[in-house]
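Participant: So the protein lines, in turn, are chains A and B. Take any residue in the first sequence, note its place counting from 1, add 100, and you have its number in the numbering used here. Take any residue in the second sequence, note its place counting from 1, add 100, and you have its number in the numbering used here.
Don't take each hint at face value.
It does not matter which identical chain is used: a pair holds within one copy or between any two.
[As the list claims (entries may be wrong)] Each computed DSBU-like pair below joins lysine-lysine, with the alpha-carbon atoms no more than 30 Å apart:
{"no.": "1", "residue 1": "Lys151", "residue 2": "Lys282"}
{"no.": "2", "residue 1": "Lys151", "residue 2": "Lys215"}
{"no.": "3", "residue 1": "Lys151", "residue 2": "Lys255"}
{"no.": "4", "residue 1": "Lys221", "residue 2": "Lys255"}
{"no.": "5", "residue 1": "Lys215", "residue 2": "Lys255"}
Since the hints were derived computationally from the structure, they do not count as laboratory data.
Protein chains: 2
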Amino acid sequence: MGRWEPNAHGRLATAALELYNERGYEQTTVAEIAGRAGLTERTFFRHYADKREVLFAGSGELQELFVRAVADAPESATPIDALAAGLDAVSETFADLREYARRRQNVITANPELKERELIKLASISAALADTLRRRGVAESAASLTAEAGVAVFKVGFERWIVAAEERDMAQLMRESLDELKAVIVGGRGVW
Amino acid sequence: MGRWEPNAHGRLATAALELYNERGYEQTTVAEIAGRAGLTERTFFRHYADKREVLFAGSGELQELFVRAVADAPESATPIDALAAGLDAVSETFADLREYARRRQNVITANPELKERELIKLASISAALADTLRRRGVAESAASLTAEAGVAVFKVGFERWIVAAEERDMAQLMRESLDELKAVIVGGRGVW
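Model the full assembly from the supplied sequences, consistent with the hints where possible.
Facilitator: Here it is, written out as structure tokens:
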């Protein structure tokens, strides 16, 4: 990346999200994205494999961050506490991305193929978390269950966080979702 | 379906699974499946849209069964108890299908595209369960969390059930998985 393209990666992502929201994901071309960002198609392809990847380039980083925080939790932490540490780390990184996340979610929700891709990315995060928990000494199926629960809490907390009027921070909403899962799982009738 | 094709649906499924396990899913053609079943390609296409659908035709029934049992749980049942009723109903139906399920899982696991399809089917079950719980009066996010937890328990219980040496019945393994999830979620250290 040369000096003449400052923050090309971010500019392309912003331009793509604008266009996907304005005219729809299918109707947007790479040429239009590059044009809106004031860059060339060639530059686009130096940063992203295709127009779909613009939406999912961050998923790998999210997974790494989540997994690293779980791996680095104190040795004495229970699986669910290690997972909560992961949710905290993720929340901290997302803090400034709420508006971006809202616009991205609009695009994903409107397109079945993108929704499938999102599911697959979340399943990949779940598998990586389960592996990490196993490396912490958690038994096979307990690791899988904790990881699946963690991704469920992440999904629900994330959905709350991007609601239009919502202003509470992500960490708080993740904690609330985790508490709600606990309440549901132990069978308390308070949630009815 | 004429009288000259008794149980064509099942014969085709059995033949397909045999071939997928023997030579791999990609390498198997519809003509070969029909031939192994002693039927024509034309008959195959009366029963299944393509060779992938042989593996997923049962997923819709599974979803219906699971959802119906959750919907029909006593009004007084908590969300998690309604879910447990769904797992019981599913287990009863699967009882005689363990060997079939093992062979199907071998095929799915060996093929990334099929694994993705399986994830999408499970996500569809989760969404349907969440809708059903909402119709029972469960709050929005509690319904999503319960449904995701239910699918996680189903996945882990199912994986245990198809382990080669496993002889305990599915209902028992589902209950154990649910209990394990409870133990993990409340943070007990017994699972370490």
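Participant: Of the hints given before, which are not true for this structure?
Facilitator: Violated hint: only 1; rest satisfied.
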